[in-house]
Amino acid sequence: MTLFIITLLILTATSAATALLALLPPTAGSGRAANLLGSCGATAGCLAGLCALAFSPWSETVSLSLPWGLPIGACTLGLDPLSRIFLLPVFGLGLVCSISGGMALRHERPQEHNLAAHWFFYLLLLLGLTLVMAARDAVFFMLSWELMSLAPFFLIDFYDGDRQVRDASWVYLVAAHLGAVALMAFFVLLWQSTGTTSLEVLQGGAVMQGVVRDAGPGVLTALFVLAVLGFGAKVGLGPTHVWLPEAYPAAPIHVSALLSGAMINAGPYGIIRSLGLLAPPGTAPEWWGWALLLIGLGTGVVGILKALGQSNLKRLLAYSSVENMGLIFMGLGAGLIGLSCGNAWIATLGMAGCLMHMLNHAGFKGLLFLCAGEVLYATGTVRMELLGGLQKRLPLLGAFFAIGVASIACLPPLSGFASELVLALSFLDGPNLPGLERQVGLLLALAGLALISGLAIALYTKAYGITFLGEPRTGFAANARPLGWKILWPLALLVMVCIAGGLAAPAFFDLASMTGLAALPMPNDMQAGAAMGQEHARTSLAMVSLVGSIALGLSLAGIILRKRMLKRRKVASMPTWSCGYQGGSPRIQYTDAGFSEPLGKVFAPGMGLKVRLDLDSRLFPERATASVTAPDRLRNGFYTPLFEGIERVCNACKIIQHGKIHLYILYILATVVGLLIWGLSA
Amino acid sequence: MKQSIIVYFVQFVLALVLAPLLPGIINRVKAKFAGRHGKPILQTYYDLAKLMRKGEVISRTTTWVFACGPAISLATTLCAIALLPLGGATSPLAFTGDFILAAYLLGMGRFAIMLSALDTGAAFEGMGASREATFSALAEPLFFLILLVLTSVTLDMGHSPYTAFSLSSLFGGQIAGAWLTGRAELLLLPCILFILLLVENCRIPVDDPNTHLELTMIHEAMVLDHSGPNLAMIVYGAALKLWFFAALIAGLLTPALPLWQQAGLRVVIVLLLAVIVGIVESVMARLRMDRVPYLLGGASAMAALALILTQAR
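From first to last, the protein sequence lines stand for chains A and B.
Count the first sequence with full-length UniProt numbering and you get residues 1 to 682, in order.
Count the second sequence with full-length UniProt numbering and you get residues 1 to 313, in order.
In short, the hints are calculated from the structure, not lab data.
In this text the structure is predicted, and so the values were computed from the model without any measurement.
Where is the CB? At the ideal position from N, CA and C, for every residue including glycine.
Take these hints with a grain of salt, some might be off.
Stated by the list, open to error - PhoX-like mimics (lysine-lysine), calculated; alpha carbons at most 20 Å apart, straight line: (1) B:K54 / A:K570; (2) B:K50 / B:K39; (3) B:K50 / A:K563; (4) B:K50 / A:K570.
Unchecked claim - So these bits of chain A aren't anywhere near chain B, every CB distance computed over 10 Å: (5) L20; (6) I99; (7) P490.
Claimed, not checked - So the derived label-pair ranges between C-beta atoms look like this: (8) A:A604 / B:G55: 43 to 49 Å; (9) B:G35 / A:K567: 45 to 51 Å; (10) B:L305 / A:M574: 48 to 54 Å; (11) A:T283 / B:I5: 45 to 51 Å; (12) B:I5 / A:E437: 39 to 45 Å; (13) B:A34 / A:K567: 39 to 45 Å; (14) B:L305 / A:L613: 37 to 43 Å; (15) B:F33 / A:P621: 41 to 47 Å; (16) B:G177 / A:A542: 28 to 34 Å; (17) B:A285 / A:E437: 38 to 44 Å; (18) A:P621 / B:G35: 45 to 51 Å; (19) B:F33 / A:G637: 50 to 56 Å.
So here's chain A without its partners, still in its complex pose (with noise of 0.2 Å):
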């Protein structure tokens, strides 16, 4: 706890120094100091907050109260598992992208963008980020929460100059607001009927227990709404996923990374810490299970979907976040199944394949981010249509996109294979739930979950296959900047996790099905369950780590034979042939809009792929174009016009608000009376 409060101590103090700093009128030598110091307090802080997480038992739970100044709440901070399995990639991927940050940010001219106030802002995210995970209060959680939303919107409009950027920071405000004012109303709603703001009080479901035997269960349901509602909203979770895809390819790219790789885990935290305040351990009912299954395979599939159409690379990310939070509320979903019919295999396997997927996306999807920021930094673009050939440019970042697609593909035997298999073996167990619907509902989702893979499985095929391998199509890839070891050393970082995650997958089980116990607790009967299911999770996944390990043997063997085959005989180094068609130019290459053709045209209504031509039919046709978007209609179609109406209902209302004192008075005049009549007749 010491450790942990030095953290909090040198995020605040660096915070403070480098607000400071932003007051200062910019020049280049305040922004060059502004971004040495805010990068290293923000690596500072992290490395603190990561041995602080090492350097303590797992299992301990620990709390600390300071002084508050406030009439309601306590400044309590705690740490117990889950607390400490949701900070691992704040404090994690926060080191990373602080470091790749402050790299990044150098080049930026001081003049333009002022850097201390950028970094003030981020440090206030981390700082935000780690005190929601820590906070043991309602309204010091909902204080903490605020912080960790109105952060990222100063940091998503960083190149203000833009008017995308400045629209989608808005839009990423508007969506920040609209959550917490659903999560304003689950914390009041709270603390009416159970007459505390702890959360430790709360924690265990006891309290609630005696509200609902006197108010009824409509409480509980609308308790667990409020919470979906606001919690869904910060994580993406259809339909209130629009915000995302537009907020996270505006930000720089280390703080993109930073939101979709840890942020975004704010939401599954809120959700599991609330489960675990409104009922005791096994009496959830059975339908939050299955609405959070259902929420989260439809979440998933939109969200594949929609990648699939994207040309951006920082869009198709973003989208993809959307993808692998569906399935962490998948697992969440059949963890809360399993716990109330009894199960304990489903359970285990679920909480666990849930924890462990959010770990395993903070690395990949970090570590996707940030690539796709260095290449951003060396073409000037992450249109795919206008890369391709960055292989042989950039070697190095491409095997890093290599290993990271690999791993958020979900391919044996890196990182994200681990978490699905979890996952799988958790649906599977369903023909031993009581009840056909049951039984077929938990395996149709499991086969939801297979086509949500194979569709990754094609996205990442674009995106690497596209963006790095092939002719370059246009100049912007056949200039790219050369990045070497010096710059992209923190990414190795990221790299070992998706490797590690695969390998050692066993013990990152361990931690997320411990974690996961502890969180949501079982009924003692379940235990002895519990501990056999995980017995058997792990020995499979050493099993997956022992298999992974032979076919890439089994690969690397193919490799140098091949080599040594052809070390002695003729190897001709020509043009591609390609049925004859040699010497063509890289704009017969595929693209990625032709790569998901097809499958946009099976899945039309999901992937609503917009296309374009304007093509001369003439007998000497001279220039045609097409273009191939994929919008987002739920944006277009449902929220612009129902903002649009309330700004219409908001319009309208201006009639009686014009400015003239005098009528404003009468208007006060004319309610005082109207009360005084109300007053007197009743």
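The hints should help you fit chain B onto chain A, whose structure is shown.
Positioned in the frame of chain A, the structure of chain B alone reads:
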């Protein structure tokens, strides 16, 4: 115990040795149907031997991805076969959930080949990769649905989750006994698996493995620029993949006989399946590209029906 390991190894080696026979048989059957004499049955072996002795022509566009793809794909297919219970003998690598690993290992191999196709920068190869990605994404849930039906049957037959979720118990011989005793819905499964075999191995009616320079091909389009040992690995890997899916069907159809008989029966069924594939390819035309999703969708619907029937008992 010892005997089963011996049986396993004999079968594994048999699979590795006999797999290239399958394309030969298919071609021979097709030739007979067309009234030709046809290539020798051992033609694939000759091809492999010739390719292994050759040098390579490598495109200047490509990188290490192109060079490594075939080796990775072959290695993952080998590992997937090693997870199968061959001849009723449990695989030494079997564990809870190994069929998920097998499916994803094949996915990994496919991923490697698709990337090496995209690495050539050619329009044909990109097209092949795009179609392969599409159809395999649709085939993945189908494969899982089939396995789900099987797991629920084995769970129903009294296995615990710890033993049921493994290829070795699903295809170990009890299933055939179950459909003989009144689980008629299980008869759907070999048919669906056969469709999956045709899709995954790019046979007619999904893809025509014998066409070249035609806009409809999938697998062949992806490997146009491979030559020499690399092409040999691809050809051999494709044969092994065919064996993998045929062995799955054989595992469903063979009852739990004594080990050696079961082992022999499985090999016979696998070879017979090659004959059936040849017949199908001779009597059918290739489907139009946009019809293939309907084929897969129909098969998935059948599998879901089998699942519901199994659960409803």
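Outcome of the hint check:
For the hint pairing K54 of chain B with K570 of chain A, the CA-to-CA distance comes to about 8 Å; that is within 20 Å, so the pair holds. In summary, the hint linking K50 of chain B to K39 of chain B is supported, as the alpha carbons are separated by about 16 Å, within the 20 Å threshold. Among the hinted pairs, K50 of chain B with K563 of chain A is consistent with the structure: their alpha-carbon atoms are about 17 Å apart, no more than 20 Å. Taking the CA atoms of K50 of chain B and K570 of chain A, the gap is about 15 Å. The hint holds against a cut of 20 Å.
Non-interface call for L20 of chain A relative to chain B: holds, since the shortest CB-CB distance, roughly 49 Å, exceeds 10 Å. With a least beta-carbon separation of about 28 Å from chain B, I99 of chain A lies farther than 10 Å from that chain, consistent with its non-interface assignment. Remark: the non-interface label on P490 of chain A is consistent with the geometry, its nearest Cβ contact in chain B lying 24 Å away (cut-off 10 Å). Checked against the hint of 43 to 49 Å, the C-beta distance between A604 of chain A and G55 of chain B comes to roughly 46 Å, which is consistent with it.
A C-beta distance of roughly 46 Å is found between G35 of chain B and K567 of chain A, which places it inside the suggested range of 45 to 51 Å. A hinted range of 48 to 54 Å for the beta carbons of L305 of chain B and M574 of chain A is consistent with their spacing of about 52 Å. Our hint of 45 to 51 Å for T283 of chain A and I5 of chain B holds, since their Cβ atoms are close to 49 Å apart. Range check, I5 of chain B to E437 of chain A: about 43 Å between beta-carbon atoms, so the 39 to 45 Å window is met.
At roughly 43 Å, the beta carbons of A34 of chain B and K567 of chain A sit within the given window of 39 to 45 Å. Here the CB-CB span from L305 of chain B to L613 of chain A is close to 40 Å, well matched to the stated 37 to 43 Å. One distance hint, 41 to 47 Å for the beta-carbon pair F33 of chain B and P621 of chain A, holds here, with the actual separation near 45 Å. At about 32 Å, the beta-carbon gap between G177 of chain B and A542 of chain A stays in the expected band of 28 to 34 Å.
For the pair A285 of chain B and E437 of chain A, the beta carbons lie near 41 Å from each other, so the given range of 38 to 44 Å is met. Checking the proposed 45 to 51 Å range against P621 of chain A and G35 of chain B shows it holds: the Cβ atoms sit about 46 Å from each other. Between F33 of chain B and G637 of chain A the C-beta distance comes to about 54 Å, which sits within the given range of 50 to 56 Å.
Checked against the numbered hints above, the structure breaks none of them.
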